[in-house]
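Chemist: Sequence:
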Amino acid sequence: MGLNVSNLCVRRCTQIAAPPDKVWEQFQSIDRLKAWFGIGHRLESYTPGADGKISMSVEFDDRVRPFGGNIIVWESGRELSIEDNWFDEDMAWPTSTFITFRLSADNSGTFVELFHHGFEKLGESAASEHEGYEQGWSNQHLVALRKIIEAS
Numbered sequence: 001m002g003l004n005v006s007n008l009c010v011r012r013c014t015q016i017a018a019p020p021d022k023v024w025e026q027f028q029s030i031d032r033l034k035a036w037f038g039i040g041h042r043l044e045s046y047t048p049g050a051d052g053k054i055s056m057s058v059e060f061d062d063r064v065r066p067f068g069g070n071i072i073v074w075e076s077g078r079e080l081s082i083e084d085n086w087f088d089e090d091m092a093w094p095t096s097t098f099i100t101f102r103l104s105a106d107n108s109g110t111f112v113e114l115f116h117h118g119f120e121k122l123g124e125s126a127a128s129e130h131e132g133y134e135q136g137w138s139n140q141h142l143v144a145l146r147k148i149i150e151a152s
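Read in the working numbering, the sequence shown has 102 at position 102, and its numbers run on one by one without any break.
The set of hints was computed from the structure by calculation and includes no laboratory data.
Bear in mind the structure is a predicted one, so any value in this text is a computation, not a measurement.
It is possible that part of the hints are untrue.
What the hints assert, rightly or not - Pair by pair, the computed Cβ-Cβ distance ranges are:
| id | residue 1 | residue 2 | range |
| --- | --- | --- | --- |
| 1 | Pro19 | Val143 | 14 to 22 Å |
| 2 | Gly123 | Pro66 | 36 to 44 Å |
| 3 | Asn4 | Gly123 | 15 to 23 Å |
| 4 | Trp86 | Ser6 | 14 to 22 Å |
| 5 | Ala92 | Lys147 | 31 to 39 Å |
| 6 | Asn107 | Val143 | 30 to 38 Å |
All C-beta atoms in this analysis are idealised placements derived from N, C-alpha and C, irrespective of residue type, glycine included.
Build out the structure end to end from the sequences listed, making use of the hints.
Modeler: Have a look at this one:
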């Protein structure tokens with residue numbers, strides 16, 4: 001399945017009482033994605049699909065900081081993986097990390113995983129970058145996704 005997730009990763013997960021195809025509907029448009037993945041940062045643009053891309057932003061140090069990248073895995077009902085890097089030259093890593101969403105059917109519906117991974121490619125800063133993102137990611141996105149789906 002899709003992109004290999006390395007050991008140095010941030011992992012968040014939830015279980016949703018709906019089949020993977022119903023969960024995948026929430027990845028199909030910017031409005032649907034924004035409703036749950038636009039929490040804590042802004043979802044600026046999103047083109048779903050195998051040749052798509054995503055642009056997001058956060059504000060800190062009194063500046064809007066854009067980030068995101070191309071969709072590199074689009075497996076309908078199973079996986080969405082995107083390149084992730086800062087768009088500002090002063091913030092950009094030497095190589096992109098990745099954000100991956102994985103959906104797996106289980107007896108109760110769908111097991112949804114969110115990974116931020118690829119930190120080991122950042123060299124000497126890998127461990128500290130990973131630790132910073134480990135502290136920064138909460139499960140708020142997947143909780144919001146579960147609430148949207150289970151309410152419909």
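Chemist: Report the numbers of all earlier hints that the structure fails to satisfy, in ascending order.
Modeler: The structure conflicts with hints 2, 6, although it agrees with all the remaining ones.
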